[in-house]
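Asks: As a plain string of letters, each chain reads:
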Amino acid sequence: MNLILIILIPLLTGLAILGLNEKHARTAALAGAIMQVVIAIGLYLAFTQERSIGNVFPILFEQQYQWFPALGFSFHIGVDGISVAMILLTAFVVIAGVLVSWNMEKMKKEFFFFLTLLGFGAYGFFVSLDLMVMFFFLEIAVIPKYLFISIWGSGNKDYSANKLALMLMGGSALILVALMGMYFSMPPELRTFDMVKLAEMNIPFSLQRWVFPLIFTGFGVFTAMFPFHTWVPDGHSSAPTAGSMFLAGISMKLGGYGCLRAATYLFPEGAHEYSGIIIVLASIAIIYGAFATMMQKDLKYINAYSSVSHCGFVLLGIGMLTKTAITGAVFQMVSHGLMTALFFAIIGMVYERTHTRMVADMGGLLKVMPFIITTLYIAGFASLGLPGLSGFVAEMTVFVGSWENQTFFHRAATVIACASIVVTAVYILRAVGQVSMGPLKYSSDQKDDARWNEKWAAVILIAGILIMGLAPFWLNDLVSPGVEVITNKLAGK
Amino acid sequence: MSGSTFMFYLLGLLTVFSALLSVTSRNIFRSAIYLLFSLIGIAGLYFWLDYQFIAAVQIVVYVGGIAVLIIFSIFLTQQSGEKLPPVPGGRIFFSALAAAAGIALVLSLMIRYGFASVADKASPTAAQIGERMLDINGYALPFELVSMLLLAAMIGCIVIALKKTETK
Amino acid sequence: MNEYLQLMKSELMVILIIFILLFIKLGKGLPNGTLLSLVQLLLLINVAVSFGFNETGRIFNGMFVHNELAGFQKGILSLAVYLISLLCSDWLKDHEHMPEFFMLMLSALLGMFFLVSSDHLLMFYLSLELASIPVAAMANFDLERRKSSEAAMKMVMSSALASGIMLFGISLIYGISGSLDFATIWGSLRNEPLHIMAFVFLFSAFAFKLSVVPFHFWTADVYEGSPVAVTAFLSVASKGAVSFALFNILYKLFPNLSAPWYTLVVVLSIITMLIGNFFALRQDNFLRFLAFSSIAQVGFILVGLSGQNNQVISSVTYFVLVYAFSNLAAFGVASVLRSQLGIENISQLKGLYKTSPALAWALALGLFSLAGIPPAAGFFGKLFLLMSGAAKGNYWFITIAALNMIVSLYYYLRIVRLVFSAPEGEQVQEVKILKPVGLGLVICSAGIVLAGVVSWIYDHISSMV
Amino acid sequence: MNTTNILLIPLLPLLSFVLLGLFGKSFFKTKAGLVGCSLMLVSFIIAVVTASSYFFSTGLQNGQYQQLKPFLMPWLKFANGLVIEMGLLIDPLSMIMIFVVTFISLMVHIFSLSYMKGEERFHVYYAFLGLFTFSMLGLVLSSNIFQIYIFWELVGVSSFLLIGFFYQKSSALAAAKKAFIVTRFADLGFLIGILLLSAQAGTLDFLELISKFTTPGDTLSSALGTTFLGFSLLSWGLALVFMGAAGKSAMFPLHIWLPDAMEGPTPVSALIHAATMVVAGVFLVARLYPVYAFSGAGFVHFIDDIGAFTALFAAVIACTQTDIKRVLAYSTISQIGFMMFALGQVPADLGAVHLGYTASIFHLFTHAIFKALLFLGAGAVIHYVHSNEMKDMGGLRKKMPVTHAMFLLACLAIAGVPPFAGFFSKEEILLAAWENNPTIFWMALITSGLTAFYMFRLYFSIFWNKEHDGHHHEKEGDIFLLAPLVILGIGTVVAGFVPFSHLVSSDRKPFETELHLQFSIAPVAVGLIGILLASWMYRKHSAIPENLARNMGGFYKAAKNKFYIDEVWLGFTKGVLFNLIAKPAAWVDRNIVDGMVKATGSGMEWISYRIKGLQSGKVQQYGLFFLFGIIIIVSVYLFKNVPWR
Amino acid sequence: MMEPGLYHLLVIGAVLFFTGIYGFFTRRNMISMLMSIELMLNSVNINFIAFNKYLWPDTLGGTFFTVFVIAIAAAEAAVALAIIINLYRSHSSINVEVAEEMKF
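As they're listed, the protein sequences go chains A, B, C, D and E.
Residue 1 is where the first sequence starts when you use the numbering used here, and the numbers rise one by one after that.
Residue 1 is where the second sequence starts when you use the numbering used here, and the numbers rise one by one after that.
Residue 1 is where the third sequence starts when you use the numbering used here, and the numbers rise one by one after that.
Residue 1 is where the fourth sequence starts when you use the numbering used here, and the numbers rise one by one after that.
Residue 1 is where the fifth sequence starts when you use the numbering used here, and the numbers rise one by one after that.
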C-alpha cells in the first residue's frame, strides 16, 4: 500500500476540479471522494493483513524522502492503527460532504476544490511522521475553512471566519514555537523532527515541561480545549453544511490526534506533569459545554456547543493517560467525527427546507420529512450515547479508562464527565423532540423528504456509526495496539 | 598665538557662524549667500590643513557648482525678496533639542575616546591622489561607479526637470 | 583581465544594457512596444548571466568581492527587475520616458550589485547612493501626478538625511580604524561607546533603506505616491539588496559588536513587526497597505538576521527570493488594475474573482505566500527565518514573531475574502491581461507554488554558504 | 436446549424491528402487524420450550438449578481484564423473565392488531414493539453487568419512542422526554455504580462479580475496607446501582415519569409500563441479590423502606386519580413497591430460606399477568369510549361483558382475593415481611387494603355506577381485542397455583412453602373490607365520595396532586439546572470567554487608530523621529555599556 | 589647548553637522532644506580630512572619501533640485507643507 496515493488522490482531484468546468466539478469531486473511500478501505484491509501475518512493527507502510535536510526535515510518512482509523473517518466525512453539497449553487468549482483541499490537508496530517510535515499539512487544512465560511457561509460570517482562522493559527503558532524550541534545545547531533527518532530518544524533562504544554495547547485549540473553544460555535454555525461537517468532523480531530501523537507520545513526562490540568480543563469543557448547549436556540449552535462538550471527552481520555482511556479518546474522535458530521448534514437538509435553524420555529417535521428526521434521531441518539451507536462505545471506554485511576481527583472528574450524559440527553431530546414532534409547523403538509444524494450521505455516515456501535471490537483491534505503544512510552518502558 | 592659529580660528568662526546664519535667516537669498561663505570657509580650512587638491575641488564643485545651482533654482522658484514664513516654536524647540542632544552626545563620546594625534606628516599631493585614483588596485572602481552615478543622475534630472513642450 | 570579466559579468551586462538603451535613445529611437520587448529580452539574458557560472574572487584589492552566493543574490535581484519589466508593461508601454526609466532602474540595479559584492566602505557608500538616487528620480516618473513628485521629494530628502548620518558614522569608523576595508576594520572595532555610536549611525542608514521602525516613515508615502513599478522595485529589489548588505555589515564588519547589535536587532524587529501590522490593519490604499505589510515582513527579515551565522544568510536569501515572487504577484495585479481601471483601493477589489479569475488567483497566491500559509513558499520563507532566529534560543522573541504572523494573517485574508466574495452591487470591470503581464504572473505563481515544496532550491542556497 | 434457539428468542423480535423498520412502509403495509405477531409467536414458543426444558429436565442438577452460559461473545475489551461480553445467562430468574416477557409481549402484539388498526404509522408501531421486546429479552438474559446496562438503555429509548408514538401531541412529547430523562438520570447512578463495582472486582461478569463480592477475599475486603463519606465502596456501588433500579422501577422519588408515560398507546402501557420494563429494576436487584443480601444488611433495609413507602404512597395517590390509566399506573408503582421491599426481606442468617426473594419474583410473575390484563381491559374500554376519564364511563358491564368479566378477575387478583394469582404471591410477601420486619408488614397490610379499595373503585366506576350514554358501539371488539383478555384471564386464575418456590429461590435450591391459613386471614379480610367500602361508595352514583373528599380536605387535595412531587422536580430542573447553571454558563461563554477574544481584536483596532498620527506626512517630522531614534538607541547603549555613567 | 588640532576640527565638524540637521528640521523651504543637507555633507568631509591628517596621514582613504562625497553631493543636489522644480510646477510652491497629501 503506497501512502503517497492517499495524499496524491485528493490533490489530483482538486486540480482536476479546477481544470474542469462548472458543470463537471461535482462529478469529479464525487469520483475523487469515492476513490478516497476505496483507498482508505484498501489501506485498512492491507493494514489488518499485515498485522494478521504478524507484522508487529508499530508503524507500517513507511516512506521517507529528503525534504529540507539542511533543517532536519524529512518527508516521512507511515501509518499505525490510529491513523488508519482517522483516515477512514476522513474518507467517510469527505464523501458525505461532497454528496450533501451536490446541489451547491454558488461557485461550485471553487467549493469542491477547497473541500478536496481540506481532505488533502487532513490525509497528509494523519499520515505524516515528521513533525514539520505534520505542521505543514495542519496549516494547509486551516485556510480553506476560512474561505469556506467567508464565501459560502451565512450569518455573521466574516467575524466567524476571522475568529476561526486566527484562533487556529494562533494555536499552530504555539506549536511552531514549541517545535523550534524542542529542535534547538537538543544537542546538534540529535536534532530532528522525525517522530520515530524522537520517540526513541528520551527528551530531558526540563525541555518537556515547557514544550509539552505549548504543543498540547496548540492542538487543544483545534480540539476546542476549554478557554480556547469560542471559535467553535461561531465557526460551525456560520459555515456552509459541508464546511461544518468537515470542521467538526475532521479538523477538530486533527487537534485530538496531534495532542495524542505529537504531545503525549513524544513528551510523556510532560504529559504526566500536566495531566491534572488537562483533566480539569477537559471536565470543565465537558460539563460547561453541555450546560451552555442547553441554552442554545439554533440547531447549529446546539451541535457546535455539544461538540465542545464531546471533544472534552477526547481530551479527558488523553489526560487520563491509561490505555483504555486513550483508546476511548480515539474512539470518541471517530465517533464524534461521524455523528457530528451526520448531525450537521441533517441540519443542512432541514434548513434547506424550512429556511430556519431556530428550534422554536420548527415542529412535527416527522410528518413531512420522515427520512431526514429519523436520521436526525439517529444522530441525536448517537450523541447522547445510546448503545448500539458509536457514541456509547466511545464514552463508556473513556469512563472505564478514567476510572482505572484510583485517586479521588480522577474519579471525581470521571463522575462529572458521566453527569454530562444526562445533560446531553436533556438538550438533545429538547431539540430533536421539538423539531420532530408536536404540532406541525411547516409551509405545507406534503412530504418533502431527502433527495438521493442526501440519502446516500446520511446512509454512509449512519453505516459508520452503526458499525462502530455494534461491533466496536473491530475498531478496538485496529486502534489499541497503536495506543499501547503510546501508553508503554508513558509508562516509561 | 601664531598667525596660522589665528587664521584657523578665523576660518572656523566664519564657517560656523555663516552656517548658523544660513539655517536661521528668513531671507532665502541671504541664507544661500551665507551657505556660500560657509563653504568658502571650509575650503579655507582645507587650505589651512594644506590639502590643496581637496580645497580646489571644494571651491570648484561647491562654490562654483552647487551653490550656483541652488541660487538658480531659487530664482526659478522664488519671487525675489519675499521672506520665508516664521517657524512654529514647537518645531524649533524640538529640532534645537535634537541638535543639542546630538552635539552633546557626539562630542562627549569623541572627546572621551581620546584620539591620539600622530606628529603631522606632509599631506598628499595632487599627483599621488591622481595616481591612486586611476590605479586598478586603488580607486579606479569607485571612480567608474561615480561616473555611472553621475550619468544616471543626469538622465534623471533631464527627464524630470525638462520643460515638457509636447505634452500629450 | 579575464578574471575581471568573469567576476563582474553581471555588472558589465547591466552597464551594456544601459548603454544600448542610451544609444537607442540618442539615435532615432524605436517604437515603445518593440523597445519594451527588446528590454525584456535583454533583462532575461541578464537574469541568466547573473545566475550562471559564478566563481569566487576578490579584485580591485577588496573593493569587489564575488562568490556563488553573491551571484545567486544578484540573480534574484535581476529576476525581480525582469519580472517588474514584465508585470508593469501596461504602465511602461505608453510611458514617453520608458528607456530612461530602464536606464535609471538598471543603474540602481548596478548599484545593488556592487552593494552585494562590495567589501569596502567607500564602495558601500557609493553603491548605496547609486542604488537610491536614481530611484528617487524614478519615483517622480508619473510626471503629472502630484503624489508622484511629493513621493520623490520625500524620498530624496529623507535618503539624503540618512546618507548624511551614515557618512558621519563612516567617518568615525575611519577615524577609529584608519581604513575603509572590512578586512582590516573589523579587528579594530570593540564594544565601546564611540564604536557603538559609529555602528548605530551606519546601521540607521540601512534600517532606513530597509524601512525598519523608527526609520520607516518615508516608506508608506513613497510607495503610495510613486509609480507601481518603482514601488515594486523599492520593496523587492532594494529591500533584498540592502538586507544582503546588512548581513555583510553585521557579520563581516561588526562581529565584535555582536552582543550589542543582537539586542538592537531584536528590539527593532519586534517594534517593526508591531508597527507594520498595526498600520497595515486599517489601510485601504492597496500600495500603502503593501508598504506597511512589507515593513512587517522586514521585521521577519530581522528575525532571520538575528540568528546563528550559517543559517542566517541562507534563510534571508531564500526569503528574499520567495518574497520577490509573492510581492511581485501582488504588485503586478496592482499595476494592471491601476493602469487599466485606475483602481487604487482595496475596497474596490470586491468581486475581482468574478471578472478576472486569473488576476484573483495570482493575487490570492501572492497574499497567501506573504501571509505565510502553506503550501505557498512564503510559509517556508518565514519558517526558515524563524528557525534561524530560534537557533539563538531566544524563544520569547520567536513567539512574538509568530503571533505577529497571526495578526498579519488577518489583513491578508481580508483582501482574499474581498476578492473572492461576490458582491451584489458594483464590481470590478473586465481587464485585459497583456502577454508579458500574463507571463510574469505565471512565473510568480509558479515560483510561489514550487519554490517552497521543491526543497532543492533552499538546499542549493544553503549549500552555497 | 441449544444455543441458537435461545439466541433466536431475542433475535426474532429484533428481526421484526429491522424488517418492519426498513421495509414496513413500502413492503408490508397493513400486514406489518401480522409479521410482528408471527415472529413474536415463534419467539414465545421457543421461550416456553426453553424454559420448561430448563426447569423440568436440564436445569436441575443435584438439587440445585445451575447457571449456564450457553453463549458468550467478547464485545469490547478494556485494558485490565474488563471485558464487555454479549452473553446469555440461563438461570431460573432469567427463564421466568423470558417467559413473562415473551408472553405479555405476544398478548400485546395480538391486542394491538385491532387496537392500533388504521394508525398511520402502524408498521413503525410494530417495529418499536419488536425493538422493545428484543431489548427487554436481552436485558433479562444478560450475563454481564455492562451488557445489562446496554439493554437497559435500549429499553429506555424504546419506551421513549413508544410513549411518544402519537408524536403530534405535545403532551406525548413531554411525557416521553420526561420518562427518558428521569430514567437517564437514574442510570447515571447505575453507570457510576458499575464503574465502581467493576473496578473493585476487576470483572464485569455477573457470576464472577457476585462470587468476588460474596466470598471473603481481598476484593471484598478492599471493597468494604475503603470507605468514602463513611460508607464502604461496596455499599456506595450497590446504592448507585439501586438508584438505576429505582429509576426504571419508578421507586419514590423517581416515580414521577411513570404516570405521565400513560400518554403512550394503552397496549404499550400494558407491556412496558406495567408488566416488563418497570420491573427491570426489581430484576436487577434480584440479579445482584446475593451481593445485596451479603453486604451486611445495612443497605437492604434502605431498599425495603423505600419499597414499602413507595407502595403505600402510590396506593394513596391511586385512590384519588380519575384517569383510569393513571390509577393503574399508580397501582403499578405500588405493586412494584411490594416486590422491592419483598427483596429487602433478608433473613438474619443468610443460610436460611430467603422467602422474600421467591415471593418478590412470584409477585413479579403474577403481577405481570393480571396487570397486563387490567391495562388491556382498560385499553378495550378506552377504545370503546374514546376517553380515559372515569366520568365518561359507567355501566359498561352490559355493553362489554367479556371485558367486564376479565377486568373483575384481575381486580380480584390484585386485591389478593383467593384463589386468584395475586393472593398467593402477596401472601408470601406479607409472610416474609412478618418474619423479618413487622412495621413493614403493617404498612404492607394497609397498602393491600387500599389496593383493594382503589381497584374496585376503578372497577365499579367503569362498569357499574350510573349509565353513561352517548357511545353507540354495537360490538365490544373483535377477536384480536378479546382473545388476549381471555388468555390473560385464564392466566390470572391459574398463575397462582404455580409451585413457584420449586422454581425460583435465592440459592437456586427448590424448597417447600405451605399456605398458613391462619396468617392469611388478616390480608384477605383487609382486602374484602376495601372491596366493600368501594362498592358502598361507587357501585351506585352517590355523593359520598365528594363529601368524603371534602372532609379529608387538604390531604385529599395533596394526594390528588400526587403530593406535588412533580412540582418539586420541575422546580429543581427549571430553577437550578436551567436558571442557576445553564443560563450563567451560556452567558459566561458569550460574554467573558468569548469577550476576551473579541477584546483582543477590538483592542488592536483601537491601538492602530490611536497611533496613526505618527505617520503625519511631514518629511521633517520623519527626520526628527529618525534622529531621536538614533539618539535614544545610542544613549541606551551608553547607560547599558558604560559603567562609569 | 589653544593650538588648533584634531579636536578643534572635529568640534567644527560636529557643530556644522548638527547645524545642518537643525536646518533640515526647521526650514520650510525645500531648497533651504537641501542647503542644510549640503552643510551636513561638508561637516562629514571636514571629519574625514581631519582624521586623515591627524590620525592616519599615511593612508589616502579620508581624502578620497571626501572627493567622492563631494561628487555624490553634487549628483544628489542636482536630482533633488530637479525634483523640487518639478514639484514646484505641480504644486506651484516649494514649501514642504504643500506636500503633505499622503499621510496616516
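Treat the hints loosely; a few may be bogus.
Said to hold, decoys possible - DSS-like cross-link-like pairs, simulated, lysine-lysine; straight-line CA separation at most 25 Å:
| hint | chain 1 | residue 1 | chain 2 | residue 2 |
| --- | --- | --- | --- | --- |
| 1 | D | 618 | E | 103 |
| 2 | D | 212 | D | 618 |
| 3 | D | 77 | A | 441 |
| 4 | C | 354 | A | 108 |
| 5 | D | 29 | D | 117 |
| 6 | C | 9 | C | 93 |
| 7 | D | 509 | D | 399 |
| 8 | D | 117 | D | 399 |
| 9 | A | 23 | C | 354 |
| 10 | D | 29 | A | 367 |
| 11 | A | 297 | D | 598 |
| 12 | D | 475 | D | 31 |
| 13 | E | 103 | C | 147 |
| 14 | D | 29 | D | 169 |
| 15 | A | 367 | D | 25 |
| 16 | C | 354 | A | 106 |
| 17 | A | 447 | D | 77 |
| 18 | A | 367 | D | 117 |
| 19 | D | 212 | D | 399 |
| 20 | D | 475 | D | 117 |
| 21 | C | 147 | D | 77 |
| 22 | C | 354 | C | 432 |
| 23 | A | 447 | A | 367 |
| 24 | B | 83 | D | 618 |
| 25 | A | 197 | A | 108 |
| 26 | D | 29 | A | 447 |
| 27 | D | 618 | C | 147 |
| 28 | A | 489 | D | 77 |
| 29 | D | 25 | A | 455 |
| 30 | A | 106 | C | 350 |
Rather than coming from a laboratory, the hints here were simulated on the basis of the structure.
From a predicted model like this one, the values you see are computed outputs, not experimental measurements.
Asks: Please name the hints from earlier in the document that this structure breaks, with their numbers sorted from lowest to highest.
Replies: 2, 3, 6, 7, 17, 19, 21, 25
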